[in-house]
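*Asks:* Here is how the chains run, residue by residue.
Number of protein chains: 2
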Amino acid sequence: MSLAMTENEITLALIQSLKEGKKMLFQDIMEELQPYDMAQQYLHIPSKHRNKFLLYCTIEQITEMMQELDTDEQLNVLQKLGIEKSTKVLDLMENDDLASLIADLDAEEIEELLSEMNQEEVDIVQSLMNYEPETAGRIMTNRYVWIPKHYTIREAVDKLKHFAELAEYLNYLYVIDEQKKLVGVVSYKDLLLGDLYDKVEDVMYTRVVKADVHTDQEEVAKLISRYDFVSIPVIEADNKLVGVITVDDIIDIVIQEANEDIEKLSASGKAIDFNTKSMVAAYRRLPWLILLLFIGILSGSIISGFEDTLQTVVALAFFMPMIAGMTGNTGTQSLAVVVRGLVSHDLNSKQVVKLVFRELWVGIIIGVICGVLIFFIAYVWRDSVTLGLVVGSSLFLTLIIGTLAGTIIPLILYRLKIDPAVASGPLITTINDILSLLIYFGIATMFISRLM
Amino acid sequence: MSLAMTENEITLALIQSLKEGKKMLFQDIMEELQPYDMAQQYLHIPSKHRNKFLLYCTIEQITEMMQELDTDEQLNVLQKLGIEKSTKVLDLMENDDLASLIADLDAEEIEELLSEMNQEEVDIVQSLMNYEPETAGRIMTNRYVWIPKHYTIREAVDKLKHFAELAEYLNYLYVIDEQKKLVGVVSYKDLLLGDLYDKVEDVMYTRVVKADVHTDQEEVAKLISRYDFVSIPVIEADNKLVGVITVDDIIDIVIQEANEDIEKLSASGKAIDFNTKSMVAAYRRLPWLILLLFIGILSGSIISGFEDTLQTVVALAFFMPMIAGMTGNTGTQSLAVVVRGLVSHDLNSKQVVKLVFRELWVGIIIGVICGVLIFFIAYVWRDSVTLGLVVGSSLFLTLIIGTLAGTIIPLILYRLKIDPAVASGPLITTINDILSLLIYFGIATMFISRLM
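Protein chains in written order, with full-length UniProt numbering: chain G, 1 to 452; chain D, 1 to 452.
One thing to keep in mind: the hints can contain errors.
As the list claims (entries may be wrong) - On the chain G side, residues computed to face chain D include the following (Cβ under 7 Å):
(1) D228
(2) V247
(3) V254
(4) N259
(5) F274
(6) A281
(7) L289
(8) L292
(9) M322
(10) H345
(11) R358
(12) I365
For the record, the hints were derived by calculation from the structure and aren't laboratory data.
Virtual Cβ for every residue (Gly too), placed ideally from N, Cα, C.
This is chain G alone, in the form it adopts within the complex (with noise of 0.2 Å):
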């Protein structure tokens, strides 16, 4: 295959080696295909092409293909392989990856799906199955290289050589004792400049940083990305080893993560992206809207509690918008430096303080600032000192407390162990309105006689 072929000369070369039935030119177009690129090649093809394209590919190659499609593109493509062929292929799947899919299917499906598998396979697949979604027992994969402790550097490297098909990272080796339990880790390079006759217990690091198989998702991203592996051991309670968790996971993970954190603050709706249907994303989306439009209705009977002081003072109204608005804005800006600071650091309860100290100034900078100016425009628009005093002295207030409101809140829940980014719209913002549209009219009506 030349080098140059952009990925549409590659479908047109695909397309016509299947209409001939040049098996041969097909494979050699596949060989220098990475596995997402042939998923796109698949996804690409005309449909009545696929079942032949399939027919063409390895066991090996439908397994990688599987991996970079979706849920349904993955049952798809079992489906057509028939049970024979199809079970091979889950025989070779990774088992997070196997465990991902099946995480989406009812009993009965699950029960046809693992039928003629490989008994220790769905053993393994099940038993993982068994951890909490998002835990690193439920992303860890068992391919990987161990080696006991009493093996000498010569013994690791051939056992190295021996696992190298089966293994996807081989920066490290994770040592075990007697029991399984995890001692010791040495890095490929230490085998690299090693004595072969050296023991592996002499030159394994000994401070092992592990994952434990019920540590959050997010947790184990941190600590990969604070280390700079590829890859983290995964023990049980007894530290025995279990799996290992590779970096290209964790890297799906930090994505995944950020688009909760996002979906979360913007109210947005769980997963939708460019290929959820319309009901489905209207769905997803509609009881954010639904809880914003009851809040709203709230924000509204709050409103008509000062119906008489509105009714003096229209004016009163083209200010509401604003003070709603601004409130609830510095909230959300606070609220989204805590949810993603959260991410890299962890908090003591001494930075917590320092944290809190902090918004609160910053609340107090912003709210004089806006005040000021605010106090000079209602001033020289409506032409009246007492507006501008209720106006530039509310906005004072609510910056202030919707500032601490957007700090607080978030902290507790992490406190509580909830995931902060929940706090999102409808908490702080409910909060906000409700205390920004009191503290304004409250201010007004206690200035009524002045401002008429």
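Given the coordinates of chain G, assemble chain D onto it according to the supplied hints.
*Replies:* Using the frame of chain G, we list chain D on its own:
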């Protein structure tokens, strides 16, 4: 050092060894620590011990530790080290880390810092600084192993062994021809499984996934996460291999880009974290807030344009926050879906059209449901069918328009090669605020005689 020691116990043991002048004991502990942990220990010990801490560390340990500190601390360490030792550390530092350190300094400080450094290293770092920030050229490292294509596998393994200390990740070797042009890649797996006397060019992959020096770092992250690589080669226009980007940097970039998206979407100001001073944080947050303040004034002046309508039917004010809030929120929802979708998808015109129609449908569905709901609420609350119809039909229209604005504006920015996330608060909020108030009061004014 005992394996079971906690972080605090290690801190105490280190302080003890520093106080008693036991360098050997200090080194025993340090040798088992990862760079991140060394940095944490350095930051945890009281500052009066830090000079001695640095004195007891090897140059290599200081270099490793440096890379885990932030810029201020790095400069602090360099100052404590004195010119001779700090030059050694700078020589040893990876050039991408060095480039990111000096990116924050002014010309004079850079001059002073680099004055004593190895000229070759200085040249490399300065050439790195010529690339735009956030491009592949800026984040690549020159610590990687390349081999000429005429090498045998045995020669490749020997070279790998020789440079093992230098190469960060050993999973792939990049293969070049006589002009240093990138012609292929071999994995360490291929080397292990191949015959020692095979030529590298016979076993290498020729279809190498690579990044150009000018490629945006976000694109590089996309490539690495798609292909599950631990490193990716970087070339100049003539296909000359000039560097490598490793997965550990990519994880940091994915986190950084997600934070930037959240900063922009929540208009929360650039780069505020837990350690930012309150004056700085307030300064960074203020531009957005002041912009929003003027947007609020703009909304206010639109409302004041309908002063007569509002004076006649004060109840219209009750629904104002709800309509503006809902329209803003549906816009933000769509914006978040588009911005995060673009992180993992590329879009062609066909998909853009599909996405816009999807969102149009979503807007219609949520518009109908929320519109009907608010019709009944307004009707029951204020006992007026007309008010119900005015509020309901306004919400129906503004939800459709808000959804489309949140979709189309970021797509246009994306097509114009402007980061769609900047559409964030300001742009979408302004447009949605103004449109929603105009529609709401426009419809209300049309029915004003029946509303009285």
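*Asks:* Against the structure shown, which of the earlier numbered hints fail to hold, in ascending order?
*Replies:* none
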